[in-house]
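Guided by the hints, dock chains F and R onto chain V, whose structure is given.
In order, the protein sequences belong to chains V, F and R.
All the letters of the first sequence, read from the start, carry residue numbers 837 to 1187 under this note's numbering.
All the letters of the second sequence, read from the start, carry residue numbers 837 to 1187 under this note's numbering.
All the letters of the third sequence, read from the start, carry residue numbers 837 to 1187 under this note's numbering.
Each statement offered as a hint is correct.
Pairs involving identical chains hold if they fit within one copy or between any two copies, as the list cannot separate such chains.
List of simulated lysine-lysine pairs, DSSO-like, C-alpha gap at most 27 Å: (1) 914 - 894; (2) 914 - 873; (3) 1129 - 1113; (4) 1129 - 894; (5) 855 - 914; (6) 1121 - 855; (7) 894 - 977; (8) 908 - 1129; (9) 865 - 977; (10) 840 - 1171.
No lab work stands behind these hints: they were computed from the structure.
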Amino acid sequence: MFPKNAWYVACTPDEIATKPLGRQVCGEKIVFYRDGKGAVVALDDFCPHRGAPLSLGKVCEGELVCGYHGLKMGCDGKTVSMPGQRVHAFPSIRSFPVVERYGFIWVWTGEAEKADPALIHHLEWADHPDWAYAGGLYHVKCDYRLMIDNLMDLTHETYVHTSSIGQEEIDEAPVTTKTENGVVSTSRYMDGVMAPPFWRANLRGNGLADDVPVDRWQISRFTPPCHVMIEVGVAHAGKGGYNADPAHKVSSIVVDFCTPETETTMWYFWGMARNFKPHDQELTKQIQAGQGKVFAEDTDILEAQQANLLRNPGRRLLMLNIDSGGVQSRRLLDKLLAAEQTPAQPAAAAA
Amino acid sequence: MFPKNAWYVACTPDEIATKPLGRQVCGEKIVFYRDGKGAVVALDDFCPHRGAPLSLGKVCEGELVCGYHGLKMGCDGKTVSMPGQRVHAFPSIRSFPVVERYGFIWVWTGEAEKADPALIHHLEWADHPDWAYAGGLYHVKCDYRLMIDNLMDLTHETYVHTSSIGQEEIDEAPVTTKTENGVVSTSRYMDGVMAPPFWRANLRGNGLADDVPVDRWQISRFTPPCHVMIEVGVAHAGKGGYNADPAHKVSSIVVDFCTPETETTMWYFWGMARNFKPHDQELTKQIQAGQGKVFAEDTDILEAQQANLLRNPGRRLLMLNIDSGGVQSRRLLDKLLAAEQTPAQPAAAAA
Amino acid sequence: MFPKNAWYVACTPDEIATKPLGRQVCGEKIVFYRDGKGAVVALDDFCPHRGAPLSLGKVCEGELVCGYHGLKMGCDGKTVSMPGQRVHAFPSIRSFPVVERYGFIWVWTGEAEKADPALIHHLEWADHPDWAYAGGLYHVKCDYRLMIDNLMDLTHETYVHTSSIGQEEIDEAPVTTKTENGVVSTSRYMDGVMAPPFWRANLRGNGLADDVPVDRWQISRFTPPCHVMIEVGVAHAGKGGYNADPAHKVSSIVVDFCTPETETTMWYFWGMARNFKPHDQELTKQIQAGQGKVFAEDTDILEAQQANLLRNPGRRLLMLNIDSGGVQSRRLLDKLLAAEQTPAQPAAAAA
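Looking at chain V on its own, in the form it has when it is part of the complex (with noise of 0.2 Å):
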């Protein structure tokens, strides 16, 4: 159950640099590939010709070529030439709208024609000189909206991520979540805590002292159809919270893209962005390093959460109200779902 109609991230450029990608992404099997121009195509994973993925082939001057039998592919899924053949009869395959964009490769997955690149999720933290990014990808063995569950609530830092964010003020500190603009935000402050070790870590790698309380919060935000980012950080207490002058606090966006691979697998691309230090190589490879392991503890749950679920298909769950940033975020998806099965407007048919 997800959305076809939207943008999702599908790969990272690093990953169609030196041959084609064969990646699922929404139940679509799609090939990644540049092409003369350096231009990102999305096209089916899918030789017109013996059916062979096309992603098994190579990148010949910025054309596709079927490892198999030669034919090569054009951008917009037509056939170019084939060796001994005439083409032009050949059927096209399908080709997808993607974009390059934020140090992404966004593919659009639904009818072409809709497919907006204004619609693109605004990263303002990306290509910006103040901030630096470094993240990575987690195959899932589960349903994308668990882990936008997982994300809208953070009370699991405390169970699952005991050594490194969790601490039990974030169980005490009340939660508010609201839907606005197309966003659910649920947002908890936790005033004069002592900080955990991944924010000791920060606030050292950012020149300021960690053995002293903090104000810490967390603003998880969600925006369809799989997109959570995550405002957290700590200041000196007392110095503002969230809104101290930098020079008392750390702070950064933790950064989701949850993309469905299929209906109980999804693709987890995570990371961290950050605006402190942002030159700091060091400093981003080990937050990097950290988060790696924080997200494999969220892996491990989550993939026996969908087993167990999959075990006991009519059993209700409960939703309580740290649930409300995961119900909200589906009520979001679910409006764009049941959009997608209703028929074209009359108006629109009469157009």
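Only chains F and R this time, still in chain V's reference frame:
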């Protein structure tokens, strides 16, 4: 096809010593752990909040804490508490009757009100200073009834366990099978034979000559739902065989609990109880290692047999005299299964 | 979709040299072994006693002894004996017509009365002192017909086998395909080209210059149910090509038996028969190793193609002129399949 109203060996105490254990028994996914007083608890392995397996959590002060969001589950399947939540209306999860006895954890997978601990299979050798026990656990991909067939027809020893306990005389000696008091027994006596390697080692282990003829016996006893105890031994020939004075024989009980996991997989708890040199721990280890090798041979052939039967679902097997033990065992099982499918008696309903 | 009434290569003699072999051919699980006179036997791999695979047993004095309870199976599928049992009423298991010829074991998976050994594909190079043969066996997860398509359209060599036998001139040379006497042949001739690496090595191996233009040929012949023999070779240009004197050429026969295992998996017996330097065993090994690498490249792409086709069951493929070999081959197969599904003739019924 397994009776649900029965006590099954689910695990051994070492398996729940440091953390909860998730194990499927008779199709039920169960979490096992010890409460604050050290008593074993068995609950549905499904957190009522979001469906995560509770077995991924940990036990804190005798309460099981879900590893996802910290829900604390009570031993009765009722949620005790959860950070920031009122839990009295949370749905209960199923609690299974469970008893620790004889060095095993026994679980009842059927109707709780019928779970009388007095029905647990009595093991006369357990917790007895004159006896030593050691064993192991194998996961086997076969219907537990194929394992029972195997244990109730020891002619397979000649072919499967050629180099340890097999010998041709097993094939030649007739078996006697009968069902009495809900127990199927099948016995075989071989007089004046040379002992096979496993028994020679045990004769030596007990300080007896191993190069003289012996009288050998095997008495397999099946007790529903899935327990086979096999009295086995050898005595120097002419000293009375099974009834010989302990000075002239070595004997032991092969212990087999064939707990169903699913219709086509099982947990095989195997071991040996002996009353010679019970304090010789080195001998205990030797026997355990030897037995582990022997039972791994069974595992291979049983899994191949199961795969062959699944591939040929309609095909009927032979029921020979040597198969009587298995046939009579299944007859007892079929009665139990039929009884479970019969609706409650009017008399009971009236009461 | 495979004809059952046909001779299939099932295994090679070395595979049954020391113990029985269990192998699935055309959906039938079969055990292969040698009887007391050294003749190959093929039986249903299912012990009539308890269903264990007979291939787990061993051969004692020419009789197959089940590895579970010692049932002795005769070559005709009738039980010979079993310890302590009268076996005359035991049900027979199916015996398959089987012939050892040309260094292969051939099995007939259909109606036994139609199994005429004269129908076995004649291999003129086998058992001939002027020829050497070596090959190998791969298990491939694809419909055997995809392998036949592959072998009947060698334009794939340019793309799949770039560094060994591929060259662009293959694409440019036209092919001629025809069906005659139940054999589909497709031929291609390339005159005055430079030999690719595999053929250069063979030219050198045969003491011929490898840096001069050659005339190259490829003649694929499909014989039902699944055999493709490909005459391949190069001659120094202008010496007569295919018909050149042996002093000026190297040539060989690529041998492919594409035995179905299931609808979507197969056993690929590949090899090469050559009549130059047949006694040079070092050369034999070199060719075998080189060919093994080449055919592993096919395996990768065929398995990916099969997976893609299963994912897109309704999708039609193109049938180009280069595909004629595969198309005509399938036409022969379809006729055989249709004939098998036709009920017996009235005349036959009357007789």
